[in-house]
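Top line first, the protein sequences correspond to chains A and B. According to this note's numbering, the first sequence is numbered sequentially starting from 1. According to this note's numbering, the second sequence is numbered sequentially starting from 1001.
Derived from the structure by calculation, the hints contain no laboratory data. Worth double-checking, as some hints may not be accurate.
Unchecked claim - Partial list, derived from the structure: chain A residues whose beta carbon lies under 8 Å from chain B:
#1 29
#2 50
#3 54
#4 57
#5 124
#6 126
#7 181
#8 201
#9 204
#10 215
#11 219
#12 236
#13 239
#14 241
#15 242
Claimed, not checked - In silico DSSO-like cross-links for lysine-lysine, where the CA-CA straight-line distance does not exceed 30 Å:
#16 B/1227 to A/232
#17 B/1307 to A/232
#18 B/1126 to B/1284
#19 B/1051 to A/232
#20 B/1270 to A/64
#21 A/189 to B/1080
#22 B/1307 to B/1231
#23 B/1080 to A/156
#24 B/1270 to B/1104
What the hints assert, rightly or not - Over 12 Å on every C-beta distance to chain A, these chain B residues come out as not near it, computed from the model:
#25 1190
#26 1261
#27 1305
The beta-carbon is built from N, C-alpha and C at its ideal position, and this holds for glycine as well.
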Amino acid sequence: MDYTNQIREIAARLLSENRIDVFIGYRKTGFDENHLPAFITHPNATGDLVFTEKSGFNLTNYLKFEHTRNKRVGLVVKGCDSRALNLMLTENQVKRDHIYIVGIACEGVVNEQGEKAQNCLECVMPDPVVHDEILGVPSGKRDYQANSDVKELWQKDLAERSRFFEEVFESCIRCNACRHSCPLCYCAKCCIDQETSTLYHGANTTSSAFHALMTWSLHLAGRCVDCRNCEKACPSHLPLHLLHKQNEQVIHEHFQGHLAGMVAQDRGAFYKYNLNDPDDFIL
Amino acid sequence: MILSSNTNTNEMNLTTYITDPAGLEQFYSAVIGAYETYGPVETFGKFEFRKITSLAGCNPDPPILSSMSVKALFFPRSAKVLRYRTTSSGTELSDTAEDPLAGKRVILGVRHCDARALEVLDRVYKWDYIDTDYLNRRANTVLISTRCDQAAAHCFCTSLDYDVEHLDALDVAIVRGTDGKIYLQARTEKGEQFLKQHPPGPADAAGTSAEQLRKQYVTFENSFRLKMNYKEINGQMQNKFESPAFEEASSTCISCNTCAFVCPTCHCFKISDERIRDEGVRYKSYDSCNNIYFTLMAGGHNPRPVKYRRWRQRAMHKFVYYKERFDLNLCVGCGKCTVSCPVNISIFEVANRVAASMQ
């Protein structure tokens, strides 16, 4: 999967035709093999752009920042990124005519060890669901499969599971990188930043980590697109996908196979009410 | 100003002991048996300093840098300051002197960059406010570590002005010789006393180890990919406050604060209360200048409302301000921030870019 040349051409074209103010893509770090996001504002600078299976970071995250919010932006999205973008459009965070979307029919990205990332192995939608132009050959929607780590976790008994999560919350340093790296966490003032709150209160204690992470994961229930930006950002390498994938699974099961961001203007499981919604899981 | 530990290195008679890998393991076991010991423990694929009771589960010479620095054992990510209770007659305070990290202890596997960072921090903690908690923890701790054999991708510690060859920030430096032997060097008076009590092997009376140590150091120094002239960078950055390079370099930053939390020298903190009804605990926890709320004042004014200004503060504090005030660079070149950064922003790259930029 290498669309470096095509992306350079597209970015140069868009910038020279003055259709966008900034193009957000990836570039090489110059220090290692990793790719990092790049903001290109001049057609002559597009030679820095690259795109390969190492271009993992979900760039739609940048659409929530003040310095891109009121600009015309061109950006590269993979399947999961485009689902996040779909949700941002639905939730009125981005204006469709302000962005030019270069969709990639994704073949999966690799993790730091060079192996195909787990979310790519379990990907339901590798093709961009919203795009202005598409690179690569779309391979279509795949069947939803339950996450193997969640399966493994549920095989453990309650005490063991609770010990596992205690370890997770103990290791959390409350830097909030997970939230900052999530494209769908765009609130101007996040509830877990309320310094006076008795639940979150900013101290890096296990209890505040528990409340912050649980609140965060519930605010993303039915919205998380499994791009794993949070996990890539976590300096403690916490398995944050376990929180999201469990929610995703429950929602997929109870809400007619709902998956976040697959359809434009789909308001999501928790935003719509249907008389046929199951309620047997409520006490 | 000269480092206090550097000044007496030559005057003191510091001993080097020679042993083999098995002897080193015995030494570690003896230390763990005799003291409250902390060491790098693998959790979720990274190394973290935890209290250990045996070598099982702990790797005193981890293959990668610990994700969090050893700073957390001196300046914990959340320290209880006091407990309070409000009553009709006023507020009662308790537990003000409680400190779980105050005991005599040994920390294994502290990389030299982490240990060096503590020396840098000592300056600020001994400055206008004397932080007795921090200084007690420092005085009661013996730092023992193996010297790196190979620089990692983002390391640049040798580019900063300190004596990597002698590793004086550590109390005991362990060097793996190319001859298969292990050399344990006392680097401070504290380390000398410690090794005297727990001799890991015969002392090197004849000084034959010097050449082995030198050889190891040269190999290590040659393994660095990132090199810069730090004094030049420092001088150039002084005049680059208005440089547009800050805005360019920080454009992709997502303000996630990770860099500050993992940094071995970042020492900003916030105070927050965990309160239930009339009782509560007051905590001192890490904060970051990359956080938009960091400089937000009660009246609503924020002197650093945009990202690049916060980034500029971070870079300038690392390479200029701290140096001006305390004569030491606040960045120790460990590369932890770059490794942890979700978008791979490198402080090395930013410093060089700003220094080279036009005003």
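Against the structure, the hints:
Interface restraint check for residue 29 of chain A: the shortest CB-CB distance to chain B comes to about 5 Å, inside 8 Å, so the restraint holds. Taken as an interface hint, residue 50 of chain A does not check out: its beta carbon lies about 13 Å from the nearest beta carbon of chain B, beyond 8 Å. The interface hint given for residue 54 of chain A is broken, as the beta carbon of that residue sits about 11 Å from the closest beta carbon of chain B, more than 8 Å. For residue 57 of chain A, the shortest C-beta to C-beta distance to chain B is roughly 6 Å, which falls under 8 Å, so the interface hint holds.
For residue 124 of chain A, the shortest C-beta to C-beta distance to chain B is roughly 24 Å, which exceeds 8 Å, and the interface hint is violated. Among the interface hints, the one on residue 126 of chain A is violated; its C-beta lies about 22 Å from the nearest C-beta in chain B, farther than the 8 Å criterion. For residue 181 of chain A, the shortest C-beta to C-beta distance to chain B is roughly 5 Å, which falls under 8 Å, so the interface hint holds. Using the Cβ-Cβ criterion of 8 Å, the hint placing residue 201 of chain A at the interface with chain B is satisfied: the shortest such distance is roughly 5 Å.
For residue 204 of chain A, the interface hint holds, since its Cβ comes within 8 Å of a Cβ in chain B; the closest pair sits about 4 Å apart. The interface hint given for residue 215 of chain A is violated, since its Cβ lies 16 Å from the closest Cβ of chain B, which is over the 8 Å cut-off. Hint status for residue 219 of chain A: violated, given a least beta-carbon distance of 17 Å to chain B, over 8 Å. About 6 Å separates the beta-carbon of residue 236 of chain A from the nearest beta-carbon of chain B, less than 8 Å, and the hint is met.
Checking residue 239 of chain A against chain B: minimum C-beta separation of about 7 Å stays under 8 Å; hint holds. Annotation: residue 241 of chain A was flagged as interfacial toward chain B, and the flag is violated, the nearest CB pair being 12 Å apart, outside 8 Å. The criterion of a C-beta within 8 Å of any C-beta in chain B is not met by residue 242 of chain A, whose closest approach is roughly 11 Å, and the hint is violated. Proposed proximity of residue 1227 of chain B and residue 232 of chain A is supported: the alpha carbons are some 27 Å apart, at most 30 Å.
At most 30 Å may separate the alpha-carbon atoms for a hinted pair to count; residue 1307 of chain B and residue 232 of chain A meet this at roughly 21 Å. The hinted pair formed by residue 1126 of chain B and residue 1284 of chain B meets the criterion: a straight-line CA distance of about 18 Å does not exceed 30 Å. Between residue 1051 of chain B and residue 232 of chain A, the direct Cα distance comes to roughly 27 Å. Compliance with the 30 Å bound is thereby established for this hinted pair. A distance of roughly 26 Å separates the Cα atoms of residue 1270 of chain B and residue 64 of chain A; the hinted pair therefore holds under the 30 Å criterion.
With a C-alpha separation of about 26 Å, the suggested pairing of residue 189 of chain A with residue 1080 of chain B holds against the 30 Å cut-off. Only pairs whose Cα atoms come within 30 Å are accepted, and residue 1307 of chain B paired with residue 1231 of chain B is accepted, the gap being roughly 27 Å. At roughly 34 Å between alpha-carbon atoms, residue 1080 of chain B and residue 156 of chain A are farther apart than 30 Å, so this suggested pair is violated. A threshold of 30 Å between alpha carbons decides the hint, and for residue 1270 of chain B with residue 1104 of chain B the separation of about 27 Å falls inside it, so the pair holds.
Distance to chain A confirms residue 1190 of chain B as a non-interface residue, since its nearest Cβ pair spans about 29 Å, more than 12 Å. The non-interface label for residue 1261 of chain B is inconsistent with chain A: the shortest C-beta to C-beta separation is roughly 4 Å, within 12 Å. For residue 1305 of chain B, the requirement that its beta carbon stay farther than 12 Å from each beta carbon of chain A is not met, with the minimum near 9 Å.
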